[in-house]
Amino acid sequence: MAKFKCKVCGYIHEGNKAPDLCPVCQAPASEFEEIKEEGAGQKKGLNRDSNIYTVLYAAVMVLVVAVVLAFTSQSLKSAQKANEDNDKRQQILRSINVSVAANEAEAKFNELITDGFVKKGSAFEQVGKDVAFTAIEAEEFPVFVANVNGETKYIMALHGAGLWGPIWGYISVDADKNTVYGTDFSHASETPGLGAEITKPAFSGQFAGKQLFKGNEFKSIAVVKKGKNAEGQDYVDGISGGTITSQGVSAMLYNSLNSYVQFLTSK
Amino acid sequence: MGLLSEKNKDVLFGPLSINNPVVVQMLGICSALAVTSKLEPAIVMGISVTAVVAFANVIISLIRNTIPNRIRIIVQLVVVAALVTIVSEVLKAYAYDVNKQLSVFVGLIITNCILMGRLEAFALGNGPWESFLDGIGNGLGYALILIIVGFFRELLGSGTLLGFQVIPQAFYELGYANNGLMILPPMALITIAVIIWVHRLKNKDLQEK
Numbered sequence: 000m001a002k003f004k005c006k007v008c009g010y011i012h013e014g015n016k017a018p019d020l021c022p023v024c025q026a027p028a029s030e031f032e033e034i035k036e037e038g039a040g041q042k043k044g045l046n047r048d049s050n051i052y053t054v055l056y057a058a059v060m061v062l063v064v065a066v067v068l069a070f071t072s073q074s075l076k077s078a079q080k081a082n083e084d085n086d087k088r089q090q091i092l093r094s095i096n097v098s099v100a101a102n103e104a105e106a107k108f109n110e111l112i113t114d115g116f117v118k119k120g121s122a123f124e125q126v127g128k129d130v131a132f133t134a135i136e137a138e139e140f141p142v143f144v145a146n147v148n149g150e151t152k153y154i155m156a157l158h159g160a161g162l163w164g165p166i167w168g169y170i171s172v173d174a175d176k177n178t179v180y181g182t183d184f185s186h187a188s189e190t191p192g193l194g195a196e197i198t199k200p201a202f203s204g205q206f207a208g209k210q211l212f213k214g215n216e217f218k219s220i221a222v223v224k225k226g227k228n229a230e231g232q233d234y235v236d237g238i239s240g241g242t243i244t245s246q247g248v249s250a251m252l253y254n255s256l257n258s259y260v261q262f263l264t265s266k
Numbered sequence: 000m001g002l003l004s005e006k007n008k009d010v011l012f013g014p015l016s017i018n019n020p021v022v023v024q025m026l027g028i029c030s031a032l033a034v035t036s037k038l039e040p041a042i043v044m045g046i047s048v049t050a051v052v053a054f055a056n057v058i059i060s061l062i063r064n065t066i067p068n069r070i071r072i073i074v075q076l077v078v079v080a081a082l083v084t085i086v087s088e089v090l091k092a093y094a095y096d097v098n099k100q101l102s103v104f105v106g107l108i109i110t111n112c113i114l115m116g117r118l119e120a121f122a123l124g125n126g127p128w129e130s131f132l133d134g135i136g137n138g139l140g141y142a143l144i145l146i147i148v149g150f151f152r153e154l155l156g157s158g159t160l161l162g163f164q165v166i167p168q169a170f171y172e173l174g175y176a177n178n179g180l181m182i183l184p185p186m187a188l189i190t191i192a193v194i195i196w197v198h199r200l201k202n203k204d205l206q207e208k
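Residue numbers (numbering that gives the first Met the number 0), protein chains in the order written: chain A, 0 to 266; chain B, 0 to 208.
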């Protein structure tokens, strides 16, 4: 049942079509207009199908959404940055086999990490741990000096590519700059249960004790299929079902550590 | 009309079983395959989708009479995308670890067909309260299937639940092995198919002739 309103006197007629004559003011059928019910789709007095309305609506909507998102992003930025930094500190600490909760990461980091280097040109410059920390994001090559129970460890940042996205990690070596002390790997979007297993201690724990140099030559550490071995260099088992990610870790170790050779060979 | 009239109860509880978005409407299958290899991401994904679909439903329902018909899908997408971005930002700020686990899947909520389906089919024609219930109901219906699938896939594929070992070591010593196929997408599809089979066995009126 539709409603029709007389534009002359305001009389409302209910029926399937407008009456021939308005019973109040005798206006003809052409003076009647249909009233669209609310909820049936149309708001009174507003042509929602006009181009101007559509364009304005889209513009206003985009502006409102932009403001809301910008506000959300700005107001959450400091909390997010703190989380990211603590996450990085946790990863760095895990590479020297120290596992702490996120809220204790900063204190522990400041306690254990004593100094930092950053690669400038081909040489490594001593810049302190805070500058080295900011260098991680720029994918420069920072080295952290850690003091674990009186022993010096060097931690290096790694960057590479997995199957679906970037992977990264940290590797620590003993004072001889050759024997691996610990590692930690992270990823952006590797397959859960498969490639994503590189973050697990079962994988990263295999690296401890392996050597980066064989006969004074940089060899890196290979990640190979379980049961296979790599000639002339140390190797660990890859992840079954995560072949591409495992190969990515292998390539990341080689490429990233290659940039640290100058640091590792200097006394 | 009370807050939970008969019709609203239908709206809220229907999607849990008889009108389930995954096993009856066959929506959101792709994400159900992707996030269910472990139980925990399945749960968080279920909660996130429930929150997003409920609030998107309310917002679209509130502005349903102003939306120009020709760009209504775009408006729905913008609302959903904005909400998902906010959820993702909030997770990053206050639940960093969970966010890291879900990684790309949070963003993929935008492309979840359940959302567009509910907005287009329900929120555009109903009031905010009904739309909210509809969103909650459909979100939970989706979460329910995700949790069932995630439960079996993690249990049979990794021998763990929520990361804890539940299959005793003694089983492995007797020769039991985790089924590696369970953590790959094909088994997710088969698991969902089995759920659909069981569901239709119990609800004869859903069976196609």
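Be aware that a few hints might be false.
Unchecked claim - Below, computed lysine-lysine pairings styled on DSBU-like, alpha-carbon distance capped at 30 Å: (1) A:K213 with A:K225; (2) B:K6 with A:K80; (3) B:K99 with A:K107; (4) A:K224 with B:K99; (5) A:K2 with B:K99.
Because the hints were derived from the structure by calculation, they are not lab data.
Hint check results:
With a C-alpha separation of about 22 Å, the suggested pair K213 of chain A and K225 of chain A falls inside the 30 Å cut-off, and the hint holds. Between the alpha carbons of K6 of chain B and K80 of chain A the distance comes to roughly 46 Å, so the proposed pair goes past 30 Å and is violated. With a C-alpha separation of about 22 Å, the suggested pair K99 of chain B and K107 of chain A falls inside the 30 Å cut-off, and the hint holds. Proximity of K224 of chain A to K99 of chain B is assessed by CA-CA distance (about 27 Å); at most 30 Å being required, the pair is judged to hold.
For the hint pairing K2 of chain A with K99 of chain B, the CA-to-CA distance comes to about 56 Å; that exceeds 30 Å, so the pair is violated.
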